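*Asks:* Sequence:
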Amino acid sequence: MYSYEQVISFDNQPMGDPSGHDAMGTIKKKKSIKSDSSVELKGPMEVDGSVKSMGAVTFNGDFAVRDRIEAYGNIDLNGNLTCSGKLKSFGNVKINGSALCEDKVKIFGKLKVNGTLEVQGAIEVWGALTINGCLKCKSLTAYASLTTVGDQSWYEVEETETVHGAKLIQRNDW
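The sequence shown lines up with residues 1386 to 1559 when you count with our numbering.
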């Protein structure tokens, strides 16, 4: 932890506007967010440090996180996210919108992409990977199946791709 960093804890939920705007209508800014339980965040929000939860993390809205995101539960994104550090989840990750991760991504559960996920580093997924949209990464390791949904879904790997399970295409015209 940096010496200047102030940790914002969501264990005792602060009062505020749930829209993510303060009284002046600007974007909320936090140093870091740490919780001993699950946390639901409402954007737009900029986090100068990291987001860490001993439970699940839900992002609703637009977010910029300058350090890492770590959750011991699921991560749900409903909106847009830019993460400059690593993203790590011991649960499942569901992306409804778009996410840009500038470092490594490690997911011990399933990954469902309904939109766009770009990882500028390596991505490692232990559970099933389902893409309904697009996924772009430098390297991909999937220990279970990889499924693209529909003819408009795709993924692109710049360097190495390792899929230990089946590669499936799920058609929408049943």
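If you're looking for bench data, these hints aren't it; they were derived computationally from the structure.
Any given hint could turn out to be false.
Here are the in silico distance ranges between beta carbons for each label pair [stated by the list, open to error]:
| hint | residue 1 | residue 2 | range |
| --- | --- | --- | --- |
| 1 | I1412 | G1550 | 20 to 26 Å |
| 2 | S1524 | Y1457 | 35 to 41 Å |
| 3 | V1548 | I1412 | 23 to 29 Å |
| 4 | S1469 | M1439 | 20 to 26 Å |
| 5 | T1501 | R1451 | 17 to 23 Å |
| 6 | K1552 | K1523 | 16 to 22 Å |
| 7 | E1543 | G1440 | 17 to 23 Å |
| 8 | T1411 | E1546 | 40 to 46 Å |
| 9 | L1553 | S1422 | 32 to 38 Å |
| 10 | D1433 | N1463 | 18 to 24 Å |
The model shown is predicted, which means the values in this text are computed figures rather than measured ones.
Yeah, the Cβ is synthetic: ideal placement off N, Cα and C, and Gly gets one too.
*Asks:* Hint by hint, note whether the structure agrees.
*Replies:* The hints, checked one at a time:
no., hint, result
1, I1412 with G1550: 20 to 26 Å, "40 Å, violated"
2, S1524 with Y1457: 35 to 41 Å, "25 Å, violated"
3, V1548 with I1412: 23 to 29 Å, "39 Å, violated"
4, S1469 with M1439: 20 to 26 Å, "22 Å, holds"
5, T1501 with R1451: 17 to 23 Å, "21 Å, holds"
6, K1552 with K1523: 16 to 22 Å, "19 Å, holds"
7, E1543 with G1440: 17 to 23 Å, "34 Å, violated"
8, T1411 with E1546: 40 to 46 Å, "42 Å, holds"
9, L1553 with S1422: 32 to 38 Å, "36 Å, holds"
10, D1433 with N1463: 18 to 24 Å, "22 Å, holds"
Of the numbered hints stated above, those contradicted by the structure are hints 1, 2, 3, 7, listed in ascending order.
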